[in-house]
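A.B. asks: Let chain A serve as the given structure and place chain B on it in line with the hints.
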Amino acid sequence: MLDSGLIQRVLGAALRTGGDFAEIFVEDRRSSGARLDDGRVEELSSGRDRGAGIRVVVGETTGYAHTADLSEQGLRSAAEAAAAAARGGTGGERVVALTPTTAARPNAVAVPPEDIAKSAKVELLLRANEAARAEGGAIRQVTARVADSRRRILVANSDGLLTEDDQVKTLFAVQCVAVGDTGMQTGYESVGHTIGWELFDRVDVEEHARKVARQALTKLSARPAPSGTMPVVIGSGGGGVLFHEACGHGLEADAIAKGASVFKGRRGEKVASPLVTLVDDGTMGEEWGCFAIDDEGTPAQRNVLIEDGVLTDYMYDFLRSRKEGRGLSGNGRRESYQHLPMVRMTNTYVLAGNDEPADIIASTERGVYVKALGGGQVNTATGDFVFGMTEAYLIHNGEITEPLREGNLIGNGPQVLTQIDAVGNDFAMGPPGMCGKDGQGVPVGDGVPTLRVTALTIGGTAA
Amino acid sequence: MSAELDELLAIGDRIVGWAADGEQVEAVVVHSRDTEIRAYEGDVEQLSSAETRGVGVRVVCDHRVGFAYAGSLDDDVLADTLAEARDNAGFATPDEYAGLAEPDGVPIAELDLYRASLVDVPTDRKVELAIELERIARGADPRISGVESADYADSIAAAAVVTTTGIRAAARETGAYVVASVLASDGDETQTGFGFSVGRHPDELDLDVAARDAAQRATRMLGAKKPPSERLTVVLDPYVAAQFLGIIGTTLSAEAVLKGRSPFADRVGDEIAAAAITFVDDPTNVLAFSATQTDGEGLATRRNALITDGVLQGFLHNSYTARRMGAVSTGSAVRGGFKSTPSAGARALSLAPGTKSPDELFAAVGNGILVQSVAGLHSGVNPVSGDFSTGAEGLRIRDGVLGEPVREFTIASTLQRMLLDVVAVGNDVEWLPMRAAGVTIVVDDVTVSGS
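Keeping their order, the protein sequence lines are chains A and B. According to this note's numbering, the first sequence is numbered sequentially starting from 1367. According to this note's numbering, the second sequence is numbered sequentially starting from 220.
Any given hint might turn out to be false.
[To be verified] Dumping the calculated DSS-like pairs for lysine-lysine here, alpha-carbon to alpha-carbon at most 25 angstroms:
#1 Lys575(B) - Lys1803(A)
#2 Lys558(B) - Lys1484(A)
#3 Lys444(B) - Lys1630(A)
#4 Lys445(B) - Lys1630(A)
Just so you know, the hints here were simulated from the structure itself, not pulled from any lab data.
If we strip away everything but chain A, and leave its shape as in the complex, we get:
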């Protein structure tokens, strides 16, 4: 993406004021999307973002500057701005010798989205619209969206690293609004992978749309969710966000270092039910949070965070691992060249257990079965977290019964982890997610088998 001689000169300029580490991150991102709403293909859009971010570290201070100007002059002035921010040390010439490396791609792209005619995208949205509306007159509104992106990145730093990645993602999402006597209800589901247009070889667009329509229609007859504490069974695939919030964020080394995590100082300790083994895995095939290299150039890794209930490790970015003098974990990510990297999850999931999913439900006398979760949020310092249920049912005498209206569930991470008393043998990954932290969004994946938490607080309105 950039000539290695130019990269060397820019890194040299960045180190002029005495920085002990300098890095250049170059990004060229093309995205395109089409949206159908209200029966019409409203808009096709295309975007191009290209630029570079330069980071200079002196001691504990990081200076950062970014520019959309990739000329030598543009890059040099960004390097100088980053260096000025991180003054200190002894200046002087330093020559950086770059060693190009190639990291293995976790996935292959069969059909680049840029090769797909726009008319094919339009046709796909129209099919989804028709299929969803055919589910019944109560379906009053359908929104369908297809989005794809190709993100090429290059990372080089003063340790001599020079590496690149080419990340292609494709996503399809449908939302439906159903209207009945009780008002309006919505259904939503998305599917996305780090692959090209071959996504649609395995996604049945009509069936996906019908499923979303039925979700909205089912909710029309839903009763208000209960209020209070009871057992919750999380459905296979849909519930990974529970662990993303309950402990994922609290295992990020930046929160640990600042004393802002309830999991600080607990490595080696039992923090969860022995049924729980939690993994964060950036190498995971075609999942939404996978990549060849993270946004600091570290190859993706599979990291076991909790093994049989024992906390084995935290997640790290470059600065935190350097400070602790330990290996990198491949969790240094950023939204774009306009952002500094920080510790982020990739694909976070709980390994399958031995229980039959049907037995887990049958042995629950009264509780809630959550089939699909929405987003969530956590306060890592207290461990309190919430997550939304977008599709849920009441469990009565060991059977899944009436649908419930939407609501949040609330719990405390360290407590909930110890209250998991059944883990199913039916692991599945969930839909693509967007994780927000400190103003930056990055794509993440998650997954779980069916599992049961003995007590969670359901934020409904019914007695």
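C.D. replies: Relative to chain A, chain B alone:
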């Protein structure tokens, strides 16, 4: 007008000048400079300086709309972006109402939102502010065990909108803020709190307020327990109320109404809220951090009454929703920067204040909960059905005064019911760095889920 704005307008003129016969073209051109500094343990942890340029182009041809954007203002990029938007337009479904805004004769207010001297504030001064904020926050209370972040940030933003339909508008704004997030500890227990101060120039910021609010929010939560489940009167503090008002604002977008996604469609003229509620969106109010003199399509912003004494007055329109619904644009086109097309929405919402202070409201409530923060708004509020359920923490109100802290519970109702259940609005309107002003609100009969 400044040279910078002239330059952005000239770029817009150039793109619009390339329009073909029978084609409407709109160019949104932006240039912004941002500085962000985070202090930690008496030193700079991060200092980031950024300059962003970008363009978004809409083309309307044969009643079809296409859009493209680019994060660059280089000449060849401008031409490519227009070509891409034009190509995209060919694939949209024809819509007889598709089109750009046209000048409507409403004069654009000259709002004082730009502090020229921000450009000259040296970085060292900004660094001092971040470090000083961290120092004050750390020392604000002996129970403060750490400062998770102490940030200073500012921005200088300029934007122009030019169209073939005769719109040619440009404006610039500055903004600055500090925000602190602190940890308070007692034994094994840790609680968190944040505080901030916003303005248009560093001299307008009050570090003491930011540090004191953060420390108070964190320390008063120490010892918090999960409350029992019950139906209670809930008092929303200004920060929490502003978040709910923002969501109610989205339900009053004409776009949500048109597309059957607003629970308040067909309710104009009805009492949808308690009589204590008078709700306006007024981006011309310079006190609002989100004030702006032109909307996302280049029309003058204006004061729009949404609810008066509980009665729904109307919705917020951009030029498209207005054309389709036989209304006029309310100057409410909003866009998420140059990378998206304009939707219709609120920008600077506020409730008309009541007469009582928060303490007087607590006294009147007697028994209830003051909610000082909520979690999971994005997953717990459905602006279509109106159902909401969010995580919450705060303080019990007992015998008319604030009592012990409570956490790990949810509050739930529907937006429709909540508007009707408001029994009082405080006199403490406060402009926050979001699209709604905060004010203390008392809501009856909310379900609290706890133990």
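A.B. asks: None of the hints should be skipped; say for each whether it holds.
C.D. replies: For each hint, the structure was consulted:
1. Under the criterion of a C-alpha separation no larger than 25 angstroms, the hint pairing Lys575(B) with Lys1803(A) is inconsistent with the structure, at around 37 angstroms.
2. Between Lys558(B) and Lys1484(A) the alpha-carbon distance is near 19 angstroms, which keeps this suggested pair within the 25 angstroms criterion.
3. Note on Lys444(B) and Lys1630(A): the hinted pairing holds, with a Cα-Cα distance of about 22 angstroms set against a maximum of 25 angstroms.
4. At roughly 23 angstroms between alpha-carbon atoms, Lys445(B) and Lys1630(A) fall within 25 angstroms of each other, so this suggested pair holds.
Hint 1 from the earlier list is the only one contradicted by this structure; the remaining hints agree with it.
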